[in-house]
Amino acid sequence: MTTASTPPVPDLAPMLAFGFLLLAPLAIAGLSLVNAGLGRSRSAAQALLGSVAIAAVSFIAFAGVGACFAGAGGAAVFTAAGKSWNWIGTGAILLGQMSKWPMEAQLGVLFECLAVALAGLIPWGAGADRMRLAAGWATAAALSVVLFPLLAHWVWGGGWLAELGANFGLGAGFLDGGGAGTVHVLGGAGALAVVWLAGARRGKFPKEGLATAMPGHNATYVLFGCLLALMGWMAFNSAGALLWLHAEPSRLVVTAINTMLAAAGALGSTLVVTWVRFGKPDASLCANGWLAGLVTSSACAALVSPAAALVTGVVMGIATPLLVEALELALSIDDPSGAISVHFMGGLWGLFAAGVFAPQRGQILAQLVGIATLLGVFLPAVYLLFELIHRLVPFRVDSDGERLGMDLYELGGGAYPEFVIHRDESYH
Amino acid sequence: MTTASTPPVPDLAPMLAFGFLLLAPLAIAGLSLVNAGLGRSRSAAQALLGSVAIAAVSFIAFAGVGACFAGAGGAAVFTAAGKSWNWIGTGAILLGQMSKWPMEAQLGVLFECLAVALAGLIPWGAGADRMRLAAGWATAAALSVVLFPLLAHWVWGGGWLAELGANFGLGAGFLDGGGAGTVHVLGGAGALAVVWLAGARRGKFPKEGLATAMPGHNATYVLFGCLLALMGWMAFNSAGALLWLHAEPSRLVVTAINTMLAAAGALGSTLVVTWVRFGKPDASLCANGWLAGLVTSSACAALVSPAAALVTGVVMGIATPLLVEALELALSIDDPSGAISVHFMGGLWGLFAAGVFAPQRGQILAQLVGIATLLGVFLPAVYLLFELIHRLVPFRVDSDGERLGMDLYELGGGAYPEFVIHRDESYH
Amino acid sequence: MTTASTPPVPDLAPMLAFGFLLLAPLAIAGLSLVNAGLGRSRSAAQALLGSVAIAAVSFIAFAGVGACFAGAGGAAVFTAAGKSWNWIGTGAILLGQMSKWPMEAQLGVLFECLAVALAGLIPWGAGADRMRLAAGWATAAALSVVLFPLLAHWVWGGGWLAELGANFGLGAGFLDGGGAGTVHVLGGAGALAVVWLAGARRGKFPKEGLATAMPGHNATYVLFGCLLALMGWMAFNSAGALLWLHAEPSRLVVTAINTMLAAAGALGSTLVVTWVRFGKPDASLCANGWLAGLVTSSACAALVSPAAALVTGVVMGIATPLLVEALELALSIDDPSGAISVHFMGGLWGLFAAGVFAPQRGQILAQLVGIATLLGVFLPAVYLLFELIHRLVPFRVDSDGERLGMDLYELGGGAYPEFVIHRDESYH
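Residue numbers (this note's numbering), protein chains in the order written: chain A, 1 to 428; chain B, 1 to 428; chain C, 1 to 428.
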C-alpha cells in the first residue's frame, strides 16, 4: 500500500469516480447484447463483432486523437460580442504524459473513452442486419475523432455550453452529467443518418400491405442486456455526477435511485401502453422503454428528485412505443433497435426535463440552448459526415449479403452453426 | 472534484457501501438468468420480462411507499412488559427530501430497494412456466409495500429484532447482514405460497408413474448466471456488513472470501451427492447448490470464520439435492427453480449457522427468535397475502396458455422465433 | 457506519483494491463464457459446469492450503552465494485468524484466490469437447495447492523474483501486476500439457486432407464474453497495481486505459490480419486477439505509457492468428480456445514488453529472469504434475463419450434439450 510513502492522501471523490467507471463498460456490454438480440440470428455474430470492434476503434481513435480536442487542458478561445467562446481543446495526442495530468483530467478522458464507445454502438444498432462492418467502424471513428470531442469539450471541457451560466446567467450552464446529449442524442443523430442512408431491410416494407414485423432473434439477450445496462447507467451517472457536475458524494445515492426509478417508470408505462394497444405487452418495446428511461436518467438523475425522475421516465415510457410505431408506420423508417426513439428522443426529453425539474433558476434556458445546439449543429454535422463516409464506405451490404445474412456474407460463418434455424421465406 | 469546496471530507465507509451496491444488481441479473434457463424455452421471454418488470415494480413500490415503513427515521414504538417494541417506521413517501437524509439512511434505502427486487424474483422463479405476469407483479408489489418493509424495519431499521441484544441480552440482536432472512426466507415463503396456490405444471405429475423430469431449456444461462450471482452476493454481503452490522472495513475481505467459500463448498458437496445418487453430477442441482451456498453466506459471511463459512456451505450443498428431491417426489411440489430449497431452506440454515459460529455469546438465541418470527409471523402472512392476491389476480394461466407456452400466450411471440424447437408431445 | 466508533480511519488504497476485486470475477465469468462458446453445443453444459466447479475447487484448495505457501507472512529463506533466497511461504491453513492479518495480506489472498481460479480455466478451455470433468478439477486443484502458490510467493509474496531488484540490482525486481506470468503463462503451460496429453478431438485431423474447422457453437457467447472479460481485466490490473506494484492511486486511470488500448489494438490488428489472409475477418480469432491483448495488459498496464500499451497489443494481435494457425496446421495441436496462443504466448510477450517499455533501468533483465523461470521451472513442473494426474485421472473421455458429446456422457443431459441441433456426420 502507499500509505506510509505517500504524504498527500488521495482525495476520495476522484477515486470513487474511478471505481464507478470500472463498472461503466456494462452499459457497452448490455447495449451490445440488446442490439444483437433485436437483430436476426443470421447477423448476430456480425452485430457483436461489430460492437466489440466499435469499442476498440473508439478507444483508439479517442485516446489517440479525439481526447486532444475534448479536454479541459489547453483550449482555443475566441472573443465575440465581449464574451469569450471556448470552442475546442488543444491537448497532446495519444495521451502523452497522461500520468502527470491532474487526476480530474485523467478521469475525464477515461469517462469519455467509454462514453464515445457507447455512442458508437447506437448507429450500429440502427443499421442492424444490413450495415457493413467497415461502415460501422468508420462511423464510430468519425464520432470519436471529430464530433464527440467537440461536443464533449463544449459540455464537459469548460467549453461555451458549460459556461452559459457564468457568461450569460443561464442556470448553472448546460448540464448533462451522464451523457444524454453528448452520448445519446449524438449517437441517436447517427442512427437517424444511418437509417436514412442505408434504407430499410429487404422485405421490411413490402409494396403492398403493412410493414413486416421482424422480431428480434433472442428475447433473452434483449431483456438480460437491459439488466446489465441498468448497472452501466448507474455507474456512468454516478461518475458523471462527481466529474461533470461536481456533486457532493452525498448526492450519489439519489443519483443511483433516480436511475433505477427512471428505467422502472418507463418500463411500466411502456408495458401498459403496449398492453392496451396490442392486447398483450410487447417484450421488445418494453426493453426499448426501459432503455429510454435510462437515457432520460443520463440527464436527470443527478439533478432532480426521485419523484421527478420517476415522472420523467413514465412520460418517456408512454412516448417510446408510440414513437417507434410512428417512425415505422408513418415514416417507413426501419430502425431494428429503436435507437432513434430510445437514444435520440430519450436524450432530448431527458435534457429538457432536467431543466424543468432542476432546482437552479434559469436552468431550463440553458438546457434549451444545449438542445438547440444539438439539433442545429450536431444533427446536420452528423448527417453530413456520415453522408461523406457513405460515399467512401457504402453503408449497406449488397442484396446478396442481405439474403445470405451478414454473418455468412461478412464473416464467412454463422453465429450458431449447430442450431437449426427456420427458413423464413417471407424475408428472402 | 469537490475537494476545495467541501470542508467536511466524506466518510470512507458509506462511500464504499455505495460502490458495492452498484454491483449488487448482478444478483438480480444472475438470478433472472438462472430462472429463465431453468424454465422452458417457450416461456423464456415471459420469464425474463417478468423479472425485469418485477425489478421495476419493486423499485417503484418500495421507493414510493415501502421505504416509509422500513426506515430508521421515524418509528412507531409501543411499550409492553416494561420494554419498548419498535414495530414500524414512519417515513415520507416517494423518498421526499431524500438528499437531506443522513447518508446511512439513504444507503439503507438503496440496499433495500435492490434487496426487495431480489426477493420478488424468488416466487416468480417457483411459478415458472405457468404463473401469469400480472400475478408476478402483484406478488412483488405486495412484498415491496407491506411485508418486506415491516421485516426490514424489524431487522435493519432499529426494530425489535435488532434490539434483542440491547433489550433482552440476546447476543448482538438478530443479525442478518446480507438478507438471508429478509430477502431469501421471505422470498422463499412466497415461493412456497406460489407452488401451493398455482399447482404443478401440466404433465409434471402424471396419474401413473414417476414425476416427469422437465430439464431447463438452457444450461449455459443457468451456470453463467451462477457466476454473476456470486458477484452480486459478494456486493450485497459487503455492503450489508458495513450498513447493518457496522463492521470495520478490515472485516470486508473475510466477508468476500466467506461468500466464495460458502458457494464453493455447497457446489462441491451437491456435486458429490448427485454423482453418488445418479451416477453423474447433475448440472441444474449443482447450480441450485451453488446458489443455496450463497444464500447461507447472506447470513454468515460477515460474522464467521472462513472454515465455518465453508462448513455451512458444505452442509447446505448436501441438503439441497435431497430437499429438491423430497419436495418433488414425496410432496409432489413443482418448483422449477428449486426456490424453496435454495432460498427458504438455505436462508433458515444460514441464519441458524450464523448463530452457531458467530463469536458473540447468546447469538444463537437471537437467531432462533428471528427464525421463529420468520416462520411464525411472515410465513403465514405471506401465505395469506398471496392467497388474497390469487383471488384477485389468479396466479395460474389457463390450460391453453400452458400448452401454447407462456411467451405466445402472454406476449404474442416467442423468445427464439428463428430457432427450431423440438416438439415434445409428452409435455402437451 | 463506523466513523464515530473507529478512531483509525481506514486507508483508502486497500479499500479501493477491495472494491476492484469485487469486479474481478467478471474475468472468470467472461472467460468461462468464451470457452463454452468456442466449444461444441453438445459439450456446453459440461464446459460451464466444469468452469464453475473449477472456480469452486480453486477457491477451496487455495484458501485451504495454497495460501499458506503463497503469503508474505512467514517464509522459508535459505542463503546461498551470500544472498538470501526466499522460496516459499509458511502460513496457517484455512486462513486461520485471517481477520487479524494486516489488510494488505488479506487482500493478497483475495486477489490470489480469484487469480488461481482464472488460471484453472485456461487448461480447461484447451481441453474442450474431450477432457473429463474430474481431470479439469484435478488440474485446477494441482495448480491451486502447489504451483500457483509457489510462483505467487516468488513474484508477489516477497520471494526471490520480487527481490531481484534489491538483491541483484535488476530494475525493481520481476514485475507482474496483473498476473501475466502467475496466471496466464502458468495456465497456458497447463493448456500445453493438456493438449499434449489429451490429444486432438476426434476428426480434427483426418488422415487425409486438411485439419477440420470446428467452429464454436455460439459466437454471441464468445464476443459478449470478451466485453465482460475487459472489465475483469481492468479490475485485476487496477487491484494488482495497488497491491503488488504499490502504485500511487494516481496511476490507476492510466492502468485502466492501457488495458482498454491493449485489447483494442490487438483486436484491430487480428481483424486486419485475418481479413487479409482469409478475405474476411474471423470472429473467433478476433476474440482470441482481444483476449491476448488483455493478457499482455496484465503485465504492462500499470507500468507503461498508453502508446506503449497500444503497440504491445497491436503486435500481439498480429501474432495471435499466426500462432493459432501454426499450432494447428504445422504442429497438429488442437486447442479449441486458443489458450496456448492467447495466454501462454500473450503472457510471455507482455512480460517482455513490460521490461522494454517500463521506465526503470534494468527492468528488462528482471523480466527475462522471470520469463526464464517460467519456462525453465514452471513449464516442466506443470507438465510433470499434469502427466502424473493424467495417470490417476485420465484426461480424455473414451471415444463413446466424444461421439455422444460431453454433456450426455458426463452429465446425462444436454445444455439445450429443446433446440434442434444439426447432425453433423463429418465430425462423428
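Just so you know, the hints here were simulated from the structure itself, not pulled from any lab data.
All residues carry an ideal CB built from backbone N, CA and C; glycine is no exception.
Heads up, a few of these hints could be off.
[To be verified] Label pairs and their calculated CB-CB ranges:
(1) C:206 with B:278: 34 to 40 angstroms
(2) A:376 with C:102: 29 to 35 angstroms
(3) A:207 with B:398: 39 to 45 angstroms
(4) B:372 with C:84: 56 to 62 angstroms
(5) C:377 with B:166: 43 to 49 angstroms
(6) C:276 with A:199: 26 to 32 angstroms
(7) A:330 with B:393: 35 to 41 angstroms
(8) B:276 with C:207: 51 to 57 angstroms
(9) B:96 with A:79: 43 to 49 angstroms
(10) B:330 with C:393: 32 to 38 angstroms
(11) B:96 with C:102: 40 to 46 angstroms
(12) C:394 with B:276: 18 to 24 angstroms
Against the structure shown, which of the earlier numbered hints fail to hold, in ascending order?
-> 2, 5 and 8
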